[in-house]
Amino acid sequence: MAVTPIDHVAKATPPSVASKIRGLSDRTIAWLFVAPTIFLLLAVNIFPLIWTINLSFTNFRANRPNRDVDYIGLRNYERILTDGDIWLTMQATAHFLFWTIVLQVLIGFTLAWLINRKFKGNDLWTTLIVLPMMLSPAVVGNFWTFLYQPQIGLFNYGISFLTGVDPSSFQMIGDVALAPWSIVIVDTWMWTPFVMLICLAGLRSIPDYIYEAAEIDRASKWRQFWTITIPMVLPFLMLAVLFRGIENFKMFDLVVQLTGGGPGSVTELTSINLKREAFEKWRTGYASAYAIILFVTVFGLASIYVKALNKVKER
Amino acid sequence: MKTANLLAATALVAVGGLTASNAQAEDLTLCWAAWDPANALVELSKEFEAEYGHNMNFEFVPWPNFADRMLNELNSGGKLCDLLIGDSQWIGGGAENGHYVKLNEFFDKEGISMDDFAPATVYAYSTWPKGTPNYYALPAMGDANGWFYRKDWFEMPEIQAAFKEKHGRDLAPPKTQAELLEIAQFFQEREIDGQTRYGAAIFTERGSEGITMGATSSMYPFGFKYEMTPGKYDMEGAVNSPEAVAGLEFYKELYKTGTPPGYTDSYMEQSLDAFKSGQVAMAMNWFAFFPGLYADPDTGGDKIGFFVNPGQNVEASTLGGQGISVVAYSDKQDAALEYIKWFAQPSVQKKWWDLGGYSCHVSVLNDPSFPDSAPFASDFLLAMDNVKDFWQEPAYAELLLAMQKRLHDYVVADQGTAQEALDKLIEDWTETFEDEGKL
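Heads up: the protein sequence lines correspond to chains A and Z, in order.
According to the UniProt record's numbering, the residues represented by the first sequence are 1 to 315, in order.
According to the UniProt record's numbering, the residues represented by the second sequence are 1 to 439, in order.
Rather than coming from a laboratory, the hints here were simulated on the basis of the structure.
Here the structure is a predicted model, which means the values were calculated and not measured.
Any given hint could be a false lead.
[Claimed, not checked] If you want a taste of the chain A side facing chain Z, the calculated C-beta under 7 Å gives, among others: (1) Thr82; (2) Gly84; (3) Ile86; (4) Gly174; (5) Gln257; (6) Gly260; (7) Gly262; (8) Gly264; (9) Lys275; (10) Ala278; (11) Glu280.
[Stated by the list, open to error] Where chain A lies over chain Z, by a calculated footprint (3+ residues, C-beta under 8 Å): (12) 91-101; (13) 132-138; (14) 316-327; (15) 413-419.
By construction, the Cβ of each residue, glycine as well, lies at the ideal position given by its N, Cα and C atoms.
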């Protein structure tokens, strides 16, 4: 029998990987594929978490390598939960979180609803609206400090133009009453487009035939909005709220650039306060307990929220 | 003769080459804050490079991030810096945590005497525990918080007349804190050359050390102290004394009635900007900036004047300035020590002052020509005679952040009273010192 070129090629080809590992079960092969990810997850997430929990029961300070480390039980947790200043930062965070989410959802949904209506220049407007979220938070924080400047700031002049008040008569980032709103405004300006995009995806996922059926049933536009649009966009809206909630709970860079936590401590959000404790005061044990409390809070709230989201999706 | 000269030159080159090959040329990195004196040091260090053959690199960090960046570097045992011109308050942590090399043996070996440096600067920049002959730095840059003003505005006849009419005395640089406030309020929202001007640019920054450095410039002259008995941490009655409360209330009044609008988070840069842009009649800032201010073509020269921080109950200025230390984690400590040996020479110190650095060497400061060598030189001497510094404890960062919060809450955010702010500050500091095992 003559040897063909194909036989030569077949002989030169090494045995396949599959044949080499023949004998391993599917389950073992699956574990082999998943193992690197699990290892990385353990090394990067789980181990630091366990280590942080361990540190939270000590008086360890990372800048004092020579000092003895003592286990002090729940003393750090007790200190944090009874510290009035920390509750004030929690209040500042809650104010920021609540108002940014409310405003971003309302404005974001409205914009998405408007953009979803076909009109000339639709794509251009979409591009213009999403521009702010493409900027770096540090840059946004910096240039808004100029916009808020009482003597030369465009924001103050805009308000002056609309209301007639003297532009230098109010200080957005220097006034205790206005500073919390100044960070809400900037975050809303920057991240409303994100909510808008998610809402837009939701609106575009609603099949036209549902509206057509409603039209045939003579449902008014208002009724279509409340019985078709809102229920079908709701899971998307809730997802946007979840994303923005988690992001804003750990808000740091934008606010640091804008107000530095001031005036006084009225815009000192928990993440800024935590950073000061951990990397400026170097109270590592205390800061670890603080981080664990925040982690449990976010994790608990997010879990409840995700369950609610799943229920809405199942409807 | 020509041949002899040639031979001599060849011999010199050969000897020079031998000398250079004896010591290994190193790449040294010196870390400091990014500001005017740092540029002067770059210029000065060229002589060191030529003389010792080492190559100098510089890592300059803007002031608001300087402490954060450098303390992280030290705490992590980083090798970025071979030499560090660290803030005076870091000396305790630098010594106790083993970040700085102790220099006593080196000083003895090289004949460097701390008696050759101004005592206040040795105490503040070099010693730990405070005042003991344990040296961790060589005084490198003397500094204190001082003031500068628009001399041309002060000299305007109409301004002079208006001031005299209002206050019954001539308008001149203030001698007391009370006069300072009067002048600031006098200039506040005053029209000069068709523009609205303001009284004074002061420090109100929240993030790093600004408001503490600014407010203590008023609180020290009123009588603020850290302890009743030095070294005992007995703060009750010192930190919250009636004088300290009066000093803090004074600073708030100065902020509320004598500064430009929106001046809620300002430190060195903002003070310089406010002055150079013609916004304010007076500004506080570190003496380190004064050579640059005097040289400014728009607001320097004849238009600017300087004065030492005015006293009230006592004469006092807030200390700035730094010592130069060898970082314990450096692999090039020998070359770094050579830099310090070179820097300690009186001739180098003289040139340091000429270039815009503030020497702490007595041969420079006690030179009869020194007070007239610059328009701010005599004020610098006055300031350095009465300087007071913040805690220099290893826990200084924690102590400082507590004071930043309490002062900013009261002065800028208008929360509570001065008495409450200082009482809370004692609580914060007590907790820190208890954690430290010092109380």
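How the hints compare with the structure:
Among the interface hints, the one on A/Thr82 is violated; its C-beta lies about 12 Å from the nearest C-beta in chain Z, farther than the 7 Å criterion. Interface hint status for A/Gly84: violated, as the beta-carbon distance to the closest one in chain Z is roughly 10 Å, over 7 Å. Hint status for A/Ile86 relative to chain Z: violated, with the closest Cβ pair at about 12 Å, above 7 Å. This hint holds: A/Gly174 has a C-beta 3 Å from the nearest C-beta of chain Z, less than the 7 Å allowed.
A distance limit of 7 Å between C-beta atoms decides the matter here; for A/Gln257 the minimum to chain Z is near 11 Å, and the interface restraint is violated. Taking 7 Å as the C-beta contact cut-off toward chain Z, the hint placing A/Gly260 at the interface holds, the least distance being around 5 Å. Satisfaction of the interface hint for A/Gly262 is found here, the shortest Cβ-Cβ separation to chain Z being roughly 4 Å, below the 7 Å cut-off. Hint on A/Gly264 holds. Least Cβ distance to chain Z is approximately 3 Å, under the 7 Å limit.
Hint status for A/Lys275 relative to chain Z: violated, with the closest Cβ pair at about 10 Å, above 7 Å. Interface restraint check for A/Ala278: the shortest CB-CB distance to chain Z comes to about 11 Å, outside 7 Å, so the restraint is violated. Using the Cβ-Cβ criterion of 7 Å, the hint placing A/Glu280 at the interface with chain Z is satisfied: the shortest such distance is roughly 6 Å. Using a Cβ-Cβ cut-off of 8 Å, 4 residues of the segment 91-101 of chain Z lie near chain A, which meets the minimum of three, so the contact claim holds.
As drawn, the segment 132-138 of chain Z meets chain A at 0 residues by the rule of a beta-carbon pair under 8 Å; below three, the given contact is violated. Interface restraint, the segment 316-327 of chain Z with chain A: violated (0 residues with C-beta to C-beta distance below 8 Å; minimum three). Counting residues of the segment 413-419 of chain Z whose CB lies closer than 8 Å to any CB of chain A gives 3, so the stated coverage by that chain holds, three being the minimum.
Checked against the numbered hints given earlier, the structure breaks hints 1, 2, 3, 5, 9, 10, 13, 14 and satisfies all the rest.
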